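Model the full structure from these sequences, guided by the hints.
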Amino acid sequence: MLLPILSFGPMLMAIISFIVGRYSKKTRNILVISTTVAAFVGCLFLWPINTTFTIKDFCGVGLSMGVDGFRSLYALIASFMWMMTALFSPEYFAHYHNRNRYYFFYLMTLGATLGVFLSDDLFTTLIFFEIMSLTSYTWVAHEENPRAMKAAGTYLTVAVIGGMTTLMGLFMLYNELGTLSFAGLSAVLKEGNPSTTIVVAAWLTLFGFAAKAGLFPLHIWLPQAHPVAPAPASALLSGILTKSGVFGLLVVTTRIIPANKGFANALLVFAVITMFTGALLALFSVDLKRTLACSSMSQIGFITVGISFMMLLDEEGSLAAYGSILHMVNHSLIKLCLFMCAGVVYMNLHKLNLNDIKGFGRNKPVLHIAFLLGALSIGCIPPIGSGYNSKSLIHEGILEYIELLKESGQGYGIYKFIEILFLISGGLTIAYMTKLYICLFFDKAKETTTHGNRKYINVLSSAAILTSAVILPALGLLGKALMTPLAERSMSFLNLEILEHEIHYFSTENLIGAAESIAIGLLIYILIVRPLMTRKTEEGLVYLDLWPSWLDFEKIVYTNKFVMTAVPTVITALVRFIGELPETIVYTLKKTVFKKLSHKKAIPVGNRFTYGFGLFLNSIASGINKASRGRTHLRTDNEFVLAAVSKELINGTNLIGRSVSFGLLLLCAGLYATCIYLLFFR
Amino acid sequence: MNLLLLIPILLPLAGGICSISLKPLAKEKARTAFVLTMLIASACSLLPVLLNPELSLKLFTLSDSLPVVLKNDPVGKFFAVLIAVVWTLAGAYSFEYMAHEGHLNRFYCFYLCTMGVLFALCFSATIITYYMFYEMMSLMSVPLVMHTMKKDAVAAGVKFLIYSVVGASLVLLGIFLISPYVSGFAFSSEGVLNYTVINGHETRVLIACLLMLVGFGTKAGMFPLHGWLPTAHPAAPSPASAVLSGIITKTGVLGVIRVVFFFIGAGFIRGTWVQYTFICLTLFTVLMGSLLAFREKVLKKRLAYSSVSQVSYVLFGIATLTPFGLIGAFLHIIAHSLIKDTLFMSAGAIIEKTGKTKVFELRGIGKQMPIVMWCFTLTSVGLIGIPPCLGFVSKWYLAQGALDMNSISTVFNYLGPAILLISALLTAGYLLPISIKGFFPGTSNSENESSGENEFPNCEPTYVMLVPMIILTALSILIGMFPGQIIGFISNFMIGR
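Residue numbers (my numbering), protein chains in the order written: chain E, 1 to 682; chain C, 683 to 1179.
None of these hints come from the bench; they were simulated from the model.
On a predicted model such as this, the values are computed, not experimentally measured, just so you know.
Even glycine gets a Cβ: it sits at the ideal position worked out from N, Cα and C.
It is possible that part of the hints are untrue.
Straight-line Cα separation of at most 20 Å, EDC-like style, residue types lysine to aspartate or glutamate; simulated pairs [stated by the list, open to error]: (1) LYS1049(C) with GLU144(E); (2) LYS626(E) with ASP834(C); (3) LYS841(C) with GLU583(E); (4) LYS1040(C) with ASP834(C).
Coverage of chain C stretches by chain E, computed from C-beta distances (three or more under 8 Å per stretch; other residues unrestricted) [claimed, not checked]: (5) 906-913; (6) 968-974; (7) 1079-1089.
Example chain C residues on the side facing chain E (calculated, C-beta under 8 Å, incomplete) [as the list claims (entries may be wrong)]: (8) ALA696; (9) PRO735; (10) ARG977; (11) ILE1068; (12) PRO1069; (13) VAL1075; (14) PRO1099; (15) ALA1106; (16) ALA1110; (17) LEU1114; (18) PHE1122; (19) GLY1124; (20) MET1163; (21) PHE1164; (22) PRO1165.
Have a look at this one:
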């Protein structure tokens, strides 16, 4: 009974707090915080439970929720993140408009997200997933400026298209198998060669989840949405909403096509691209939140690399699976901390550009500690960085697969290359975090940035930030005691065995890997970032904006003018032509057969063809006008012109037809025809 | 007992005649009270008909072999309930909307009469009876379309009439063609074809069948005779366009159901070229309607094109001839009726209170009339098919039906769901921007606080308008979440066809 309360309760509270908020802001804030705390406590109660809950016939197929080790873990993390951001929100939103709306959708999304993580079949996952996508839209659009609206538009488009594609996948799966429950899927779909339908269905299902996770090439919403959303919302978007996509990814990879090599290799390609380009873009960015957003993308890439190797390694995949799961957990917590730090900067300065905010963190211990712990974690610096533990496990997984290929005598060059990219990406992570850290806490502040002795953060917010920051070194230092159990309890969800031998997080091999990454990172910072991406002026160091905006993937591929305007225009014109053909016939009849005999104005009236073709030309012309954004002005009414031409033609032919010479001409032609017939065919 | 069937038909007819002929009803208050009472009374008078398992009444015979018979079978009951709910709520909504229009007695006369004829249509037990009431309904609803008597309204009314008559005559032609091969005209669950006579004349019967499908498809807005919808809706007053789209188009659907499952029999059509033609027509209409709606600037016209597309979802579900497809079709009938009514009512509220008809004028409308726009948004989300709304459930069943179909190639199986989803995407494309622009108007260029307050004055309509919309919205979501009962009801009488 706890399961539906956890997902529907917050939705109910959303409505109540919305109504309350119209009368008292303070009561509303208390209500929201207590709801998130209650959700957190509820998720704590789920920790030891293994249960399911179903509502028959909900939405036709039935809602079924369930909880096991992994799902209770993720529900707990989700509710924890909501609780922390709820504590942080009152101060951050103090000067915002539309807070009531924000809190309404904030709680709605909490319920939906818990629903996703507590679902027991893909149908339920999809229901909550779609609700979550729609309600979180309002976070991105919250500021309502053009930039936010554009980002929100992209977010919604990706979410709707992704949701529909996943729905198509589920149609096919359900039709083929008759079940969508996690247990049922693993029972029906054993390893081996799945049929084409299943593979196609798996890719389609994956699509929507990958879009939410921010996997290349569906990542386009991520770098746009995070910078414009309010900081608590970006923390949730990056920390937990992307993980709901990864959750779907896990379901697809372990239930629908378990251990399928071809699928895993294809997924690996996307994962590696995401991992590397995300880190590279983060290095180029000079916007605090955009850097963090690109970093999220890159970290999702790391996680997906882990998942791919889990699939490739099949039964020995436990190590890679440990790494992926733990990296998910780490990334959620790290991004919670870092985005809240960015929120502190933004709520004081209302700026995010590195040149405007540099030096803000001087003499601010709370911010400094929190940011440093987060940066160490995401940079995977042992022994404090918790990210180190999980990333080393993924790294070990890669090495394990390479060993496996070596033993069986197969080529492994490509995987070696991936390992190198993996380490370089780790290095890039360190480089961009160093850049941010030095900029915020060591560079000399501008005069406008110096903040005097004004209070920059209140007690509630600093408590939230410090709590989320302190967890990270605890996880890092106590890997054996804290992280291994978390990973072990997740294995049953992935249908994998728990590792029997103990995991040595600080083995020499892992430490060497980390050292390589750190060395690469520092080299990149010293050799590339410092000399090439900054310039010294009288005001101190200036960070150059090298963001490759001309390389905007969205503009090049998705909103390409040709693809997005010309193709739909032509299709619409064609469809309209066919669709209005009956109408055209009626119109033509009206204008020809039932035409009044005397008409005052000599408006040329065309026939069916000129009307139809004219319409077709008109829509093309309007399409061209739109495509060129006002550079061309094709205003001529083609229908009119064609009608006039056709009338002239008809008049002309009538005249010719009536003339004597035309008659003679016809006579001659007839004679010729007769001659030819007599000569050749008789 | 059998006379009970006549009450829901005659009561609104009588009410309609009273409302135009009785002098005291010319006053606004008296008329409103009277019409509301009549609507509710007629809806209530359905109850005994619904509760009785089997009622059948022979009214008279047109010739010695053409009886006019009424009967309350489950399909009829299903449609009757839908009509009663939607018609009554739209009527309640109309009191405020129509307050500034003239000739209200005439409007309500035809409004009530159409309701009676619609009930008769639901309970028709032979194809001849159906045809008769179908024509009567077309005639009765024309005054609703051309109510304002402006030039464009009259033109739209005439167009509506012409399309209706052309469609109905196609149906009649079909009946003529098929009449030698049937054993009677009464609907029966196996169809009434006389297979011994048909042997060797299948093509003729199939052609007749297609004619009847296209004929009834006219009312349902199916290509090639969909043209009346986008013209009639913007011209008609909003309550009329709401029922036009929500209910009148469904009579065409009911006709198709009667022809396919009760007159000819699904077994005869399954796997023939008629089925494939029908599927192609419906799918093309789905796509065409969405594309045209996507490009349309006038709100009501956009909704009309959307109706063209959405009603064809229903027809597609029927065309699959599978149990799942049928369940999907029936669910989508409910979904589209409730949702499109709400959408048209919102559009009407916007026109009534702000006078805006174009989509791009609606910036900030959500701030002006929040409740109306909430209803609009929730129902559009339902129409797109985002869970847990009803549109999602119906789409789920439609897709399952399409995939279940035994067809000549698997292309057909996947084409259906793919087009449904592309159309859903387009639906999102033409409905969501309205809500987004409405609720997120953006910060105005002038930072002036005082002008900022006046920019979006509150112009929420009164509860007379709001309550029907809220009820319909709530129904569309609640039925979507718990459709079990309805699915059970539908599968009871439809499974195995």
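Fill in: Given hint PRO1165(C) near chain E, where the shortest CB pair must fall under 8 Å
holds, 5 Å
Worksheet entry | Pair hint LYS841(C) and GLU583(E), alpha-carbon separation not exceeding 20 Å | holds, 11 Å
Discussion item. Does PRO1099(C) hold up as a contact with chain E if the rule is Cβ-Cβ below 8 Å?
Written reply: Holds, about 5 Å.
Worksheet item: Would the stated hint for GLY1124(C) survive a check requiring a Cβ distance to chain E of less than 8 Å?
Response: Because about 5 Å separates GLY1124(C) from the closest Cβ in chain E, which is inside the 8 Å limit, the hint holds.
Worksheet entry | Agreement of hint VAL1075(C) with chain E interface, Cβ distance less than 8 Å | Hint on VAL1075(C): holds, closest Cβ of chain E at ~4 Å, below 8 Å.
Worksheet entry | Interface restraint verdict for MET1163(C) against chain E (beta-carbon cut-off 8 Å) | Where the cut-off is 8 Å and the nearest Cβ of chain E is about 6 Å from MET1163(C), the hint holds.
Discussion item. Next pair to validate is LYS1040(C) with ASP834(C); report whether the Cα-Cα distance is within 20 Å.
Written reply: Between LYS1040(C) and ASP834(C) the Cα gap is close to 17 Å, so the pair holds against 20 Å.
Worksheet item: Quick one, are LYS626(E) and ASP834(C) close enough, alpha carbons at most 20 Å?
Response: violated, 29 Å
Worksheet entry | Coverage of the stretch 1079-1089 of chain C by chain E, judged on three or more residues with CB within 8 Å | holds (count 5)
Discussion item. Min Cβ distance, ALA1110(C) to chain E: is it shorter than 8 Å?
Written reply: Interface hint status for ALA1110(C): holds (5 Å vs cutoff 8 Å).
Fill in: chain E contact restraint on ILE1068(C) - CB to CB distance below 8 Å
At 5 Å from the nearest chain E Cβ, ILE1068(C) passes the 8 Å test, so the hint holds.
Worksheet item: Given PHE1122(C) as an interface hint, is the shortest Cβ-Cβ distance to chain E below 8 Å?
Response: Status holds, d = 5 Å.
Against the hints set out earlier in the document, violations occur for numbers 2, 8 and 9.
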